Amino acid sequence: MQALQFGSKQRLLFGFHHAAHGAARQTAVLICNSWGLEYMRSYRGVRVLAQKLAAAGFETLRFDYSGTGDSQGHSLDARLEHWLEDLVLAARELRELSGKQDIVVIGLRLGALIAEAARQRPGLNARLLVHWDVPESGKTYIDLMREHSDRSDAAKNWRRDRKAQLPPSDGNELQGHAFPPALAEALRGLQAPQGEAGNLWFVSSDHPAPLGAAASAVLPSGEAAHWQELDWVNTPWVPAAAAGKLANHLAGVLR
Amino acid sequence: MSADLTESLLQFGEQGRLFGILTLPASINPARPVVVIPNTGFEHRVGPNRLHVQTARALAAAGFCVVRYDVSGLGDSDAPQGQAASSLADSQQLLDVLDKRQLGTRYMVIGLCSGSHDGHQLCRADARVMGLFSIDGYAYRNGRYHWLYWAGRLAHPLRSVKNLLGRVLPQYRLSEPRGADAEMIQWPSAAEVAADYQHFVQRRVIMAFVFTGDVHDTYLYADQHFDVFPVLRGAAELLYLSHIDHTLTRRAAREEMIRYIRAWLLKVAA
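As they're listed, the protein sequences go chains Z and G.
The C-terminal position of the first sequence is numbered 255 in the numbering used here, with every residue numbered one higher than the one before it.
The C-terminal position of the second sequence is numbered 1270 in the numbering used here, with every residue numbered one higher than the one before it.
Hints are supplied without guarantee of correctness; some may be wrong.
Said to hold, decoys possible - Estimated spans, in silico, between C-beta atoms of each pair:
hint	chain 1	residue 1	chain 2	residue 2	range
1	G	ASN1142	Z	LEU211	40 to 50 Å
2	G	ASP1096	Z	GLY123	35 to 45 Å
3	Z	ALA23	G	ASP1004	36 to 46 Å
4	Z	ARG162	G	LEU1239	17 to 27 Å
5	Z	LEU4	G	THR1105	24 to 34 Å
6	G	ASP1004	Z	PRO122	31 to 41 Å
7	Z	LYS139	G	ALA1195	49 to 59 Å
8	G	TRP1187	Z	ARG162	22 to 32 Å
Unchecked claim - Some residues of chain Z that are not near chain G, with every Cβ distance over 12 Å (derived):
hint	residue
9	GLY69
10	ARG79
11	VAL88
12	ARG121
13	GLU136
14	ARG159
15	LEU166
16	ALA182
17	GLU196
18	ALA197
19	ARG255
Claimed, not checked - In silico BS3-like pairs for lysine-lysine, Cα to Cα no more than 25 Å straight-line:
hint	chain 1	residue 1	chain 2	residue 2
20	Z	LYS156	G	LYS1162
21	Z	LYS245	Z	LYS100
22	Z	LYS163	G	LYS1162
Just so you know, these hints were derived from the structure itself, not from any lab.
Remember, it's a predicted structure, so these values are computed and weren't measured experimentally.
Using N, Cα and C, we set each Cβ at its ideal position, and we do this for glycine too.
Isolated chain G, as found in the complex (with noise of 0.2 Å):
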């Protein structure tokens, strides 16, 4: 980490019970953007493979102030008593305190997976949200991806054969979350999302989508997420990176992401 940057504790919430880490600048610019970075899954702030550490990192040697924060009965967050957890709830309440800190008035949410729905909801509620960059967030089949799907299993019948297999040998099976963490997200519909697209271009909210290729039962082709939101073409970025794994794993890999992110918030946030 550069010494010019700081790294410092946030606990904010009823009784402090949710948990963050603010990472500064050298110099704060209050007319700049703050970025905010949630859960994925159920993993703490430090994100996959330190995905948000080093994000975080890097943003704020651009000049960012960044906070990676536990959403309520993740990592260091307790689930407050008497309600029900909301990661929605949460975020607003972070939001309130770095407007205290007048850290900056306006904010931008990063998130994957279940960080990118997070980022999507607090968009939706909270005005002061003015940008999201999402990484396999929602994502929608449309004629053109069944299409390619099965023009693809005609093409390479031994593929469907490889599926078939994938489910039933252990070798090839994937490693799924188990138990009460194999619960997903309630994912919105469609026209849920597209509604809040039409909103969010109105509000001029500044978006950027990437797809990875192991998110391939939803997202076949680069453009994609344009044919199934027409709205968001050109308003927003999008990105197809087929030879990058959901959660990053190669060192190469985050990367890029760190680069694109980076390079797109410089350009956004000016």
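So here's chain Z without its partners, still in its complex pose (with noise of 0.2 Å):
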């Protein structure tokens, strides 16, 4: 595992590449994570799934988008747009660093609709989608986001003296993270991918499995993840089982 540092010096991004083990395949995995508390929470299992797409023979990169985590840039300058640029800016540098140009993106939750959005990018050019639990769109996510928040400020409202209640979210974040209103909007315009062509949707058991998608592009990951829970969002998401489950049956399919 290598840390590094890609991208522009104007919006330089950290990630982590892993290098596959053993003879390297031929294809190479990006990987999108999610945003906000599901990033926090999932950012081990995200090193996990890598790991074991590393132990799979497949060269792997993970990253931060611009303005968020380690990468550069402050939270409320973070635009979809940027974004988007990111993420073919981090195959490419995954296609420098592995040799390989088959590249395959495995999108966690919001990483997910980001990367679909991404799909038409020239420099992408990805010959496989992996949609971890994608939301119907960004408007389905940032509504539960949304909820999670206002219930969360209410519980501990409810605990909290007269006077030291918390002040009103100042519009420019949800649930503790920058939140800018042009990266609402645009976020809410996502959707989901439609039809099988070069999709695999990768469902946990308490997720629910894409309307219409043929069962032969549907992968059933066999571990609930929580997410629509407030309960478990200050719980580690750490799925090593569904992480291996989905390495094996990327080692199947691909060279």
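Starting from the two chains in their separate frames, assemble the complex, guided by the hints.
Take a look at the structure:
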């Protein structure tokens, strides 16, 4: 595992390259994070996924979008357009690091919607997008985050003295994470993929399967993820068995 | 991030199994203490709501070298092989690496919750640590706490009912870590902490303590920490921010905290 920074001086991105164990396969894998509390909750789980993929022979890269995590940029300056560009930059970085031209993108939750939005971008050219628990749309995702945020505030304020109530959110944040209106508006417009060509849905046991997708394009993870439940947002998500299952599946269908 | 700052990757420990991010100012002054920021809870080095990233960048802009890092088993740091994980050992290895880089010779720890615990233990074990900034760290109830608690209950009997309902009604239940992540750090007794503080004061460790309004189960008034630990009075700064929550979910709260940390560091480092 090698930590690295890539991209432009103006927008330096942070990531980790997981070199394939043994002889590398012809296909490399790029992982797209979710966002906000889900990003925090799944950080170690995404690392485990990258390790499983590397153990299965895939050169793998995971990274933080600009204005998030360790990458450069202020969170209030985060924009979907930048993230789409980041994804293409990360794909180029992975191709350079691995020497492999074939790329599969695994998007987790909001990351899957972002990967779908970037699908047609020149330079991404992924042969397969894997959508791990992709929400129906950006709106669905944001509405869930908003609901969690409101309920969490209500629970805190319920216990707090009347004089020490949390002030209302300033409209530029969601669950404590900077969420500028321009980003919110762009994310709301994101849509889940349609059709089976070039798509694989990886679905947790408590996540709805995509409507209309052929069974051959849907792979059950076999584990619950609890994305919908506020009770779980502060519990790390480290689905080691599911990550191994996905890595083995990809090893079975990709060179 | 200011163009004058640089961030670099820091792998340390045996086989480079530990990981951190070093944020450097445009000009390094080795006379200044180096700031180290351990994890908060299970969250990796970026901190709750990116607090550690923003803090590190703000402090580097003020001329401090800052490292935010993952202890064993968190974020991108692996657990040691064949031995128990020790955040204290991890932190001391970090200081060893920073010593070799000659970024400074003295260290300040900023820690929130479990990070405060890690900071306290590091300060206790390592004389290179000259300062501790603790947010929602060790807190102990005293007589006045109980008086305020029961006076509040008597004055507002509905609050007791609300508290009870808050445990029962799903819409008012707090989200707490589950499973192995629910295992809390074993906090020392007040007597042990008092002995440590006595030692810290003798060592002239510079200390600041902040408590937020989310720790009302153990902390209820501004001077409580001084009343529980009189040795700190006059030897440490204490701030009770009842309007702020534990993970600083409001941007204004994070900015207020960072402003306070920055001003405190500039004052004590001078």
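Taking the numbered hints from earlier one at a time, note which ones the structure violates and give those numbers from smallest to largest. 1, 9, 14, 15
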